[in-house]
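Dock chain B against chain E, hints included.
Protein chains: 2
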Amino acid sequence: LTSSDVEQAGSDLQDLREEVADTTKEIMKLVARRIELSKRIGEVKSRGSLPIDNEKVEDALLEEVLRECERLGLDQQLGTKILATLVRESKKAQRTRVGGKQQQLITPMVMMAKATEIEKGGRKLIRLDVGEPDFRPPKAVLDVVSSALYSYKTYYTVGRGIPELLSALRSYLAIRYNYREAAENQLIVTPGGRFAVYSALATVASEGDSVVVIEPNWPAYKEGLDYIGARAITVRTTFDERWEPSPERVKAAIRPNTKAIVLSYPSNPTGKIMDKASFAEIVEIADDRGLTVISDEIYNDYAYRPCPTILDDLPKKYILTSSFSKAWSMTGFRVGYSFAPAETSSRMLKILGLMITCVPDFIQRGAVKALEAVDEVSRNSRTMKERIDATSAELAEIDALELIKPEGAIYAFPQAKDPGFDSSAFAIELLEKKGVTVSPGTGFGDYPRCFRVSLGQPQETLSAGVKKIGEMLG
Amino acid sequence: LTSSDVEQAGSDLQDLREEVADTTKEIMKLVARRIELSKRIGEVKSRGSLPIDNEKVEDALLEEVLRECERLGLDQQLGTKILATLVRESKKAQRTRVGGKQQQLITPMVMMAKATEIEKGGRKLIRLDVGEPDFRPPKAVLDVVSSALYSYKTYYTVGRGIPELLSALRSYLAIRYNYREAAENQLIVTPGGRFAVYSALATVASEGDSVVVIEPNWPAYKEGLDYIGARAITVRTTFDERWEPSPERVKAAIRPNTKAIVLSYPSNPTGKIMDKASFAEIVEIADDRGLTVISDEIYNDYAYRPCPTILDDLPKKYILTSSFSKAWSMTGFRVGYSFAPAETSSRMLKILGLMITCVPDFIQRGAVKALEAVDEVSRNSRTMKERIDATSAELAEIDALELIKPEGAIYAFPQAKDPGFDSSAFAIELLEKKGVTVSPGTGFGDYPRCFRVSLGQPQETLSAGVKKIGEMLG
Numbered sequence: 001l002t003s004s005d006v007e008q009a010g011s012d013l014q015d016l017r018e019e020v021a022d023t024t025k026e027i028m029k030l031v032a033r034r035i036e037l038s039k040r041i042g043e044v045k046s047r048g049s050l051p052i053d054n055e056k057v058e059d060a061l062l063e064e065v066l067r068e069c070e071r072l073g074l075d076q077q078l079g080t081k082i083l084a085t086l087v088r089e090s091k092k093a094q095r096t097r098v099g100g101k102q103q104q105l106i107t108p109m110v111m112m113a114k115a116t117e118i119e120k121g122g123r124k125l126i127r128l129d130v131g132e133p134d135f136r137p138p139k140a141v142l143d144v145v146s147s148a149l150y151s152y153k154t155y156y157t158v159g160r161g162i163p164e165l166l167s168a169l170r171s172y173l174a175i176r177y178n179y180r181e182a183a184e185n186q187l188i189v190t191p192g193g194r195f196a197v198y199s200a201l202a203t204v205a206s207e208g209d210s211v212v213v214i215e216p217n218w219p220a221y222k223e224g225l226d227y228i229g230a231r232a233i234t235v236r237t238t239f240d241e242r243w244e245p246s247p248e249r250v251k252a253a254i255r256p257n258t259k260a261i262v263l264s265y266p267s268n269p270t271g272k273i274m275d276k277a278s279f280a281e282i283v284e285i286a287d288d289r290g291l292t293v294i295s296d297e298i299y300n301d302y303a304y305r306p307c308p309t310i311l312d313d314l315p316k317k318y319i320l321t322s323s324f325s326k327a328w329s330m331t332g333f334r335v336g337y338s339f340a341p342a343e344t345s346s347r348m349l350k351i352l353g354l355m356i357t358c359v360p361d362f363i364q365r366g367a368v369k370a371l372e373a374v375d376e377v378s379r380n381s382r383t384m385k386e387r388i389d390a391t392s393a394e395l396a397e398i399d400a401l402e403l404i405k406p407e408g409a410i411y412a413f414p415q416a417k418d419p420g421f422d423s424s425a426f427a428i429e430l431l432e433k434k435g436v437t438v439s440p441g442t443g444f445g446d447y448p449r450c451f452r453v454s455l456g457q458p459q460e461t462l463s464a465g466v467k468k469i470g471e472m473l474g
Numbered sequence: 001l002t003s004s005d006v007e008q009a010g011s012d013l014q015d016l017r018e019e020v021a022d023t024t025k026e027i028m029k030l031v032a033r034r035i036e037l038s039k040r041i042g043e044v045k046s047r048g049s050l051p052i053d054n055e056k057v058e059d060a061l062l063e064e065v066l067r068e069c070e071r072l073g074l075d076q077q078l079g080t081k082i083l084a085t086l087v088r089e090s091k092k093a094q095r096t097r098v099g100g101k102q103q104q105l106i107t108p109m110v111m112m113a114k115a116t117e118i119e120k121g122g123r124k125l126i127r128l129d130v131g132e133p134d135f136r137p138p139k140a141v142l143d144v145v146s147s148a149l150y151s152y153k154t155y156y157t158v159g160r161g162i163p164e165l166l167s168a169l170r171s172y173l174a175i176r177y178n179y180r181e182a183a184e185n186q187l188i189v190t191p192g193g194r195f196a197v198y199s200a201l202a203t204v205a206s207e208g209d210s211v212v213v214i215e216p217n218w219p220a221y222k223e224g225l226d227y228i229g230a231r232a233i234t235v236r237t238t239f240d241e242r243w244e245p246s247p248e249r250v251k252a253a254i255r256p257n258t259k260a261i262v263l264s265y266p267s268n269p270t271g272k273i274m275d276k277a278s279f280a281e282i283v284e285i286a287d288d289r290g291l292t293v294i295s296d297e298i299y300n301d302y303a304y305r306p307c308p309t310i311l312d313d314l315p316k317k318y319i320l321t322s323s324f325s326k327a328w329s330m331t332g333f334r335v336g337y338s339f340a341p342a343e344t345s346s347r348m349l350k351i352l353g354l355m356i357t358c359v360p361d362f363i364q365r366g367a368v369k370a371l372e373a374v375d376e377v378s379r380n381s382r383t384m385k386e387r388i389d390a391t392s393a394e395l396a397e398i399d400a401l402e403l404i405k406p407e408g409a410i411y412a413f414p415q416a417k418d419p420g421f422d423s424s425a426f427a428i429e430l431l432e433k434k435g436v437t438v439s440p441g442t443g444f445g446d447y448p449r450c451f452r453v454s455l456g457q458p459q460e461t462l463s464a465g466v467k468k469i470g471e472m473l474g
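Here the protein sequences line up with chains E and B, keeping their order. Sequential numbering of the first sequence, starting at 1, is according to this note's numbering. Sequential numbering of the second sequence, starting at 1, is according to this note's numbering.
Possibly wrong hints are sitting among the right ones.
Simulated restraints on C-beta separations [to be verified]: (1) B:E70 - E:D5: 38 to 46 Å; (2) E:Q14 - B:A280: 38 to 46 Å; (3) B:A280 - E:E117: 36 to 44 Å; (4) B:S167 - E:K405: 38 to 46 Å; (5) B:I175 - E:V374: 42 to 50 Å; (6) B:T2 - E:I118: 48 to 56 Å; (7) E:D5 - B:A252: 43 to 51 Å; (8) B:G474 - E:S346: 53 to 61 Å; (9) B:R347 - E:R249: 34 to 42 Å; (10) E:D313 - B:E164: 23 to 31 Å.
Straight line, CA to CA, 25 Å or less: simulated BS3-like cross-link-like pairs of lysine-lysine [to be verified]: (11) B:K25 - E:K29; (12) B:K153 - E:K114; (13) E:K350 - E:K385; (14) E:K25 - B:K153.
No wet-lab data here; the hints were simulated from the structure. We put the CB at the ideal spot given by N, CA and C, even for glycine.
One chain only, chain E, in its complex shape:
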């Protein structure tokens, strides 16, 4: 390099950088202009009392942007990300004009906080809100955890999990699901199913992407996607269609920026189990479109007719999440796991390493033991079946309600016959007047007429709670 070369490079750089700065400012100007236009749209909508969200317009814009990216040779992921930022900002601008307010959703977690607060005051409640079985964890698990403590299994483990648990999970998948191909680097031990679900979503979707979810469902999927900045595209199922999701509608929901489909059967909150044929069809749609199937199989041991699992016939891209919380009644141990292709797993593991380091060693030892506790899982499952039968019958006696009898999971999700029923108001009133907690349907999607009754209580408590629900509605 001669000194004049260096000088030339310096001056070229100078020019190019000025152009970059100008272009950047130009972009900001257009962003400001776009927000101005959004405000005007907000005014027009306000005049016409039109809603802010308009999926069709958003979809059309996404298509246009992706076409433009293609034309310009621009990375589509970048395009969708910038578009997501712009759309979010536009909605904010419209909202200030339209004056739309966002109602606080009463999710199961909000309900739990409210109830715990009241219980602190000494009042005894009938808690039908928490999605937690009342069964005791297997005795052998307590023994193993305690003995692991006293033998000082109290230090860091590798992030993925102790080899003993990874190996036990492999055997478990082989015996329980007849799936023999799981490798250790496909498994991760997580602090609960919730973290498995979050890291699955965060690995598959980025800001500006979208993921198909079937409603009603566990709010954690949407919460996770919101946190990531991705959009949940909901496929609505209804009481009238017996909570049956149609593969056609799942297919129609897929957008060009869709990365995954979340399935979770038996369903929280409806107890619905998807047909094997529909499940296979959705997997095929995912395969065709290059999407990941995230299958949350936490309630699989509470299934009262054959329940499909992705282990039956693996999708091309998949993440299975599960947990010891429900089948083993080990909610308070905070231990779950995920199973995914090695490369996907290693990306999920990075998130775990960054935030958590590892799950406590002595708890992982307990999880190993839990996998042997087949009898307890069967007993829990049988008991839950009895509760589903009894509670469904009791709910059927309440004139104001109707129920699709759950086929699995640990909940009932009745719907009020009154089309104007507001389950949030009802839940608050029920708590205050009768000391019974349930979770309003709006926590699981757009289901104001429904509410979730958790069956994680002894039958006497459940019956007492349902009786009070009946009184309240009578």
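The following block gives chain B in isolation, referenced to the frame of chain E:
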């Protein structure tokens, strides 16, 4: 509304939406043009062998964008976010031209994975890489955890933590730090200090923001910021300046998009303790500039001269993170806590609720008991002091090394006298030839000449390890 009003609104909406779409496409065009310019910059840099990163240029651009936002009445947070997306994309474009490769950093976690892999093969290693005391957790904690298990403290708790632990933490802060004002809604029980740190960073900074960190430091701060899409602005401290950070340089590091300053004393990896005066000065700078002080005080009980804490004199905005891992030697329990203003705490709690639900109840009971285990903490601290003394003396005998004697924490961070020393290559060779693991300095910042020796081993093991380090360098 008359039908012609509605018609007019519809047609206005149509026009405005077309303008929005056009503006959006115009933005994409400019983004593509900007990337094209970046590629050309990459070519010029490649010709002139210039580095891709240029902080001054980046800073100037940020200032210009913020001024432009102000002029346009555009939200500055939005401007910095879009700019961050553009800059990241530009660097990517430049990198493909310059062909720069990113070296994998050997962080303590990477080293741990490598070593564990080797140990699986049966080889016995001297592990001086893991930042984990070898002390046993307090016996009383084991007893309480075990008995909590058998009394079925095995269900969900509220996300923030059980009232008993929150109350015990309040008393602890009062007794240990003479800080009596902590309210329960300012405290959160977290799965380890790591999660407290992540949720602190994620609450304070968003994509496009920046946070000042003082290097060398624990890699989790940068990893967290990377994950969020925020930039870590590093204030470098050096061996020659005895790892002393200057408040002036901290002040100079602050950018218009800076949201927080991370402090952590005693320091991992240097064992440095900041002067009370410098600490107070940095807090004042933060207060002046409206920044949050995130103070990671996990090593506070391993301090061998008075160590400042934000509890001495609270900054206006603050988050304290800590953990039971080090002082109580409870790494494998994964339990820590944070203390922050109620509003900040409630934002952090949302992240915890979304990802984790809660820390296991029986572990929280153990943490309550740990707070009473004052004797064990003192004993651990005294032992660590002896190790620092002995190991510092032993390291001083190695001609090739120099060391600023640690004033606290549980590490030594020697520097090779050879300016061309590559501690990553050294660490790998030391592991392979001598079976000793240390953490290369590049894991903690730009410190290729340094490496971290963890003192979390009995003195004989430490001495044996240091002897082998000496042999390797001799």
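- In this structure, is the beta-carbon distance linking G474 (chain B) and S346 (chain E) contained in 53 to 61 Å? Once the Cβ atoms are compared, 39 Å apart, the range 53 to 61 Å for S346 (chain E) and G474 (chain B) is violated.
- Satisfaction of hint between K29 (chain E) and K25 (chain B), Cα-Cα up to 25 Å: holds (14 Å)
- Message: Please check whether S167 (chain B) and K405 (chain E) have a Cβ separation lying inside 38 to 46 Å.
- Response: With Cβ atoms ~45 Å apart, the hint holds.
- Message: Against the range 38 to 46 Å, how does the distance between the Cβ atoms of Q14 (chain E) and A280 (chain B) compare: consistent or not?
- Response: holds (43 Å)
- Task: Kindly confirm whether 48 to 56 Å is satisfied by the beta carbon distance between T2 (chain B) and I118 (chain E).
- Result: Check passed, 51 Å falls within 48 to 56 Å.
- Please work out if K25 (chain E) and K153 (chain B) have their alpha carbons no farther apart than 25 Å. With a Cα-Cα distance of about 58 Å, the restraint between K25 (chain E) and K153 (chain B) is violated, given a limit of 25 Å.
- Between A280 (chain B) and E117 (chain E), does the beta-carbon spacing fit 36 to 44 Å? holds (39 Å)
- Query: Is the hinted pair K153 (chain B) and K114 (chain E) satisfied, with a Cα-Cα distance of at most 25 Å?
  - Reply: holds (21 Å)
- Taking the CB of D313 (chain E) and the CB of E164 (chain B), does the distance hold inside 23 to 31 Å? violated (49 Å)
- Item | Range hint 38 to 46 Å (beta carbons of E70 (chain B) and D5 (chain E)) holds or violated | holds (40 Å)
- Message: Taking the Cβ atom of R347 (chain B) and the Cβ atom of R249 (chain E), is their distance within the range 34 to 42 Å?
- Response: Holds - the Cβ-Cβ distance for R347 (chain B) and R249 (chain E), about 36 Å, lies within 34 to 42 Å.
- For the pair supplied as a hint, K350 (chain E) and K385 (chain E), is the alpha-carbon distance within the 25 Å limit? Answer violated: K350 (chain E) to K385 (chain E) is near 39 Å, above 25 Å.
Of the numbered hints listed earlier, those contradicted by the structure are 7, 8, 10, 13, 14.
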